[in-house]
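Chemist: As you go down the protein sequences, you meet chains A and B in turn. The letter at position 226 of the first sequence is residue 258 when you use this note's numbering, and the numbering goes up by one with no holes. The letter at position 244 of the second sequence is residue 246 when you use this note's numbering, and the numbering goes up by one with no holes.
If you're looking for bench data, these hints aren't it; they were derived computationally from the structure. Predicted model only: the values in this text are computed from it and were never measured. The C-beta atom is built at its ideal place from N, Cα and C for all residues, glycine as well. Do not take every clue at face value.
Short, incomplete list of chain B residues facing chain A, as computed with Cβ under 10 angstroms [claimed, not checked]:
| id | residue |
| --- | --- |
| 1 | R116 |
| 2 | G117 |
| 3 | G185 |
| 4 | A186 |
| 5 | E189 |
| 6 | S190 |
| 7 | A191 |
| 8 | L192 |
| 9 | A193 |
| 10 | R200 |
| 11 | V201 |
| 12 | T209 |
| 13 | L211 |
| 14 | G213 |
| 15 | T229 |
Here are the chains, one letter per residue:
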Amino acid sequence: MTPDGRTSEVTDVDPEGQSEIERQQQYSDEPVSGQGPLRITGSGTVSPPAPTSTSLEAKPGLTVKLEQLRAFYGEAEQVKGIDLEFNANEVTAIIGPSGCGKSTMVRCINRMHEEIPGARAEGRVLLENLDVYDPSVDIVAVRRAIGMVFQKPNPFPTMSIFDNVAAGPRLSSRRRGDLRAKVEAALRGAGLWDEVADRLDEPGAGLSGGQQQRLCIARSLAVEPEVILMDEPCSALDPIATLKIEELIEQLKQRVTIVIVTHNMQQAARVADRTAFMLGGELVEVGPTQEIFTKPNDSRTEEYVTGKFG
Amino acid sequence: MSTQGASAERLARFAVSPARRRKDRLARTFILAGTVIALIPLALIVYYLLRKGLGAWSTSFFTTDPTGNTFFGGSSIGGIKSAILGTIEIVALASVIAVPIGIGVAVWLVEYGRGSWFAQTVRFFVDVLTGVPSIVFGLFVYIVLVVGTGSTYAGYKGSIALSLLMLPVVIRSAEVILLLVPGALRESALALGAPRWRVIFSIVLPTALPGMVTGVLLAVARAAGETAPLLFTAAATLKTNFNLGGFMNSLPVQIYKDVTSPTTAVVNRAWGAALTLVVMILLLNLIARLIARRSRLA
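Working from the sequences, and respecting the hints, build out all of it.
Modeler: Okay, structure coming up:
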């Protein structure tokens, strides 16, 4: 069974995607209690809602630039000097075999890497012009600007759906504004509102895997980040839930910069504007997704994307 | 497809051999016997507690202080009101001291200290503390707070002795539970831009709460039943006392004194008091479990 109770015998993904879009169109006309909800239309574009302080697309994404980024676990160097730029409002996929340092590299961007005992990073991570590793920079502010979605859906088990989404604004003790509107906007942004609107008080852990992951996306959206890092967000999900997340990524890039680590090369091909290939802690090649998959410059990239190793 | 004979031959190896069946039955019998043997003392304790203890129970048993007059037996000996209230007061204060400190230590060990040498040292001494006989805590408090200050016994000194006894139990149980909280939850909260202290208070502790309540209860139950740390710290008295600075009666000490009495009625009062203590701990358990269940969603 899929999150919304349909049997998962759909082999062709298109009808499923269609019905999802139809459903959203159908619901988008309904009056909603909160003001200025995001309207996501069938074409995948975001139509501007009435301007409010809680609307999510208020600010565009930011550019992230890595300069000679190195990451260590104790003495072991896992990321060996990477220069890479993630363009604003684009989806950049990071591909590469297991253990090549993809996740480590991504975790350096919002300074989650250093939460692991003995781990450290060197080099610079520039958010526009700001080095997030500068000693004067507040690590908490960095993480508010650069959200993260993890491999396994991990809603807070003690919290309801509403509280899960509200956790970000609440925990980061910033001025909260209208929490309800924020939660609704985030859930709409994550394409989950229609499925959970009537049961916001139920535990987040009671949702299906795919819904939980979209709940986690909504949770990170509620903090209104400019960049979202996704570390294999679909690897624990079935194909239909995966498809929903991919559609969501397509819509989210209107308002955030997205970096997605994935083992699934079809996924990279489907969602990413640009793709970077990593091997042994080094960046082998980066370019428009089309080029990486059809005419890569490096023979190792070609071997990897054609399935000769990895 | 093979012939029927051949397939029967191939299937023969799936049959359970009689020897295996015997071994299985034997093993099951042993395990069952072990369980029954372990349950016998428990059942006997409950049986005798109920049989002897219920006989001593009456309204006046709970509403009057012991009179100290044990020569005439019967109702003249009084009840155990001061002991019940004393135990509640002493243990409550001991919990107020031990639980926040214990959980604080556990949070530090798990969230901050991790594998540092200092954390290892703390862990080692907590383990040592767990094995210290309860009378040693009583002696320690007696030396430091009774003899050392040149003063006398007091309820709060008993509380301190009990809190020392509870501390390692609280720390160890809370630490184990905190370690069970998935690291992914901490990470995702940190990634939302939450400061570490907020992650601990809003995510880690609520997630660990039901388990920690169980650990705290174990500690409370252990402390409530201890006689030795109270004998020469809170001492004993007859009158109900709401001032923790004075002498204070308690159920274990009351029981201890009553069972050594030659008067049957007084010994029976000890049974009644023992049953009371068990019921109190049982009630506390039930209440805490209800609270813990309600606090957790689903």
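Chemist: With chain A as the partner, please determine if B:A191 meets the hint condition of a C-beta pair closer than 10 angstroms.
Modeler: Check passed: Cβ of B:A191 comes within 6 angstroms of chain A, closer than 10 angstroms.
Chemist: Should the interface hint for B:L211 be scored as holding, given a Cβ-Cβ cut-off of 10 angstroms against chain A?
Modeler: holds, 8 angstroms
Chemist: Going by Cβ atoms only, is B:T209 closer than 10 angstroms to chain A?
Modeler: Since the shortest Cβ distance to chain A is 5 angstroms, the answer is holds.
Chemist: Please verify that hint: B:S190, Cβ, nearest Cβ of chain A, below 10 angstroms or not.
Modeler: With Cβ-Cβ at 5 angstroms, under 10 angstroms, it holds.
Chemist: Under 10 angstroms, Cβ to Cβ, is where B:T229 needs to be relative to chain A, so tell me if that hint holds or is violated.
Modeler: violated, 39 angstroms
Chemist: Next item in the hint list is B:A193. Is there a CB on chain A closer than 10 angstroms to its CB?
Modeler: For B:A193, the interface hint holds, since the closest Cβ of chain A sits about 4 angstroms away, which is under 10 angstroms.
Chemist: Hint validation: B:E189 versus chain A, beta carbon distance must be below 10 angstroms. Holds or violated?
Modeler: Holds. Min distance 6 angstroms.
Chemist: Let me know if the C-beta of B:G213 comes in closer than 10 angstroms to any C-beta of chain A, holds or violated.
Modeler: violated, 12 angstroms
Chemist: Under 10 angstroms, Cβ to Cβ, is where B:G117 needs to be relative to chain A, so tell me if that hint holds or is violated.
Modeler: holds, 7 angstroms
Chemist: Given B:L192 as an interface hint, is the shortest Cβ-Cβ distance to chain A below 10 angstroms?
Modeler: holds, 6 angstroms
Chemist: Quick one, is the B:A186 hint okay against chain A at 10 angstroms, beta carbons?
Modeler: Hint on B:A186: holds, closest Cβ of chain A at ~4 angstroms, below 10 angstroms.
Chemist: Would you settle whether the hint for B:G185 is holds or violated, based on the nearest Cβ-Cβ distance to chain A being less than 10 angstroms?
Modeler: Given a least distance of 9 angstroms, the restraint on B:G185 holds.
The structure does not agree with the numbered hints 14, 15 stated previously, though it agrees with the rest.
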